[in-house]
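For reference, the chains in residue letters:
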Amino acid sequence: MANKVFSVKEISKSFGSEKNGNYMEVIKNISMDIYEKEFIVILGNSGCGKSTYLKILGGIESATTGSMELNGENIGACIPPEKLKKFGFVFQNNNLLPWRTAEGNLRIMLKIMKLKGEQWEKRIDEMLEIVGLLDYKKVYPHELSGGMKQRVGIARALVHDPDILILDQPLGALDAITRKMLSYELLNIWKKTQKTIVMVTNNVDEAILLANRIFVLSNKPAVITHEIEVDIPVEERNTMIGQNARYNELREQINNIIRATR
Amino acid sequence: MAKNEAITQRKKKEKKDPVNIIAPLVVLAIIYVGLEIGLRVFDVPAYVMPTPTNILIGTIKSFDIILPDLLFTIKIICIGFCIAIPAGIVLAALFSQFDIIVKAMQPVVIWLVITPMITLIPLMTLWLGTDPNLRVIVVIIQATPIICLNTLNGFIHVEQEKLEFAKSIGASKFETFIHITFMNALPQVFTGIKLGCIFSTIGAVSADFVSRGMGLGDRIIKFLKYSNFEQSYGCIVLIALIGISLYTIVSAIEKRIVLWKK
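For the protein sequence lines, the chains are L and W, in the order given.
Take 168 as the starting number for the first sequence in the numbering used here and just add one per residue.
Take 38 as the starting number for the second sequence in the numbering used here and just add one per residue.
Bound conformation, chain L alone (with noise of 0.2 Å):
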């Protein structure tokens, strides 16, 4: 078995409190395992937490209750800001700063987390090409499209070379051509980067295309009601996995679990 490079443990959140009478629970006791260079994708209605979940993950928000383990280390219920290096967030709808050029998005990562000297400016050329963009470096995301900035979303999240990259909804603000174009270059992102990543999404077909190993949420209070080992090899993962029996299979099982859920 591969390393496990980051486990979550019986994490709940909740917001409000039941002596105001607002009190919620958005997501309750969920536990993961993650390996090295996994894809994991978490599939879940909207609305039913998995957002927030995957915030508690970029150390975004603070779980209420559980804990968190990187590298086997205990890190709380909340990732501290020194480990927040081993993450890349990638945002629902691209989040670049406007002000910024392709490359100065990159950059402000490095900045921020105090990344200096040429390997590093080396790599943010590098991101960029992986993501095809590299001759839109100087170009403000008011002048890509939404697929491109979004591909910049990606390259920003990767740039200071993360342990795991988050991904919340990446192809959810895009058009369908766009989304599915992007989902097959997500996949080759993955295959070059041999990062581990774990991935939000809503849409069943992308999450096989793309997962090792699928945890569908239930609603609100989300918990794990399945989790799904997608055992189709890497090399039979292209634009014809269409045609491929055990995609079919999976495809029909999982649309099956979510039409049950509530």
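No lab work stands behind these hints, which were simulated from the structure alone.
C-beta atoms are modelled at their ideal positions from N, C-alpha and C, and glycine is treated no differently.
Mixed in with the good hints there might be a few duds.
[Stated by the list, open to error] Here are some, though not all, of the chain W residues that point toward chain L, as calculated from beta-carbon distances under 7 Å:
1. Val195
2. Glu198
3. Gly207
4. Ala208
5. Glu212
[Said to hold, decoys possible] Chain L is nowhere near these chain W residues, computed Cβ spacing over 12 Å in every case:
6. Val85
7. Ser99
8. Ala130
9. Ile137
10. Ala141
11. Val145
12. Trp148
13. Leu149
14. Asp168
15. Glu201
16. Lys204
17. Leu261
18. Ser264
19. Phe266
20. Val295
21. Leu296
Chain L is already provided as a structure; the job is to place chain W on it using the hints.
Below, chain W alone, put in the same frame as chain L:
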């Protein structure tokens, strides 16, 4: 690379496009000729409005009298304006740190913006004495609140997502302010500064009207007393020119800095 070139080319075109310069000049010429003809045809008396040519001739003839006042007014406006910009921005930055202060100070700042400073000038002369240089204070009190108000508005309206991005990369409070909040507010800061140009000019001239003795405002009244209407109008045009020049300078700086707005 092709796309890059296309973008730079487009930018150059925008800059060099002569229509932007010629069109306003043509309008100016039409106004000039129209006034000249209209005023002569309808035989409008000089105390209502002298012809543009006479204003020009009169002003040039008396320019040696006007010059010291012109320089004085420019000095007052520039010093006041240069103090008001940092003062407004720093105050807004301080206020924006705490929600409660924003709520407490916003009405006060609006109240300061609305109060015409000209009403305070007689009192201020009483407190501060009659030194003409003290008119800088009028300009500062007049321009600071409007700059502060606009800047504050920009500081407190930052997209939650942008702040989450800062959090996900472990930015400190100061870094978040500099890289996210301030940059995000920059367009609004410039709106405030541009309004500040107008308010500074108004402040300086009203101070001249009330305190007398020096300045272009004072010169207008002096010329009027001796029925030198051409020169009075000349001073008014000069005051307008000061305002326009300041505004143009600020706009030019804005265009160089705020590159991300279409």
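How the hints compare with the structure:
no., hint, result
1, Val195, "violated, 11 Å"
2, Glu198, "holds, 5 Å"
3, Gly207, "holds, 4 Å"
4, Ala208, "holds, 5 Å"
5, Glu212, "holds, 6 Å"
6, Val85, "holds, 50 Å"
7, Ser99, "holds, 48 Å"
8, Ala130, "holds, 17 Å"
9, Ile137, "holds, 21 Å"
10, Ala141, "holds, 25 Å"
11, Val145, "holds, 30 Å"
12, Trp148, "holds, 32 Å"
13, Leu149, "holds, 30 Å"
14, Asp168, "holds, 43 Å"
15, Glu201, "violated, 5 Å"
16, Lys204, "violated, 5 Å"
17, Leu261, "holds, 49 Å"
18, Ser264, "holds, 55 Å"
19, Phe266, "holds, 50 Å"
20, Val295, "violated, 8 Å"
21, Leu296, "violated, 6 Å"
Of the numbered hints stated above, those contradicted by the structure are hints 1, 15, 16, 20, 21, listed in ascending order.
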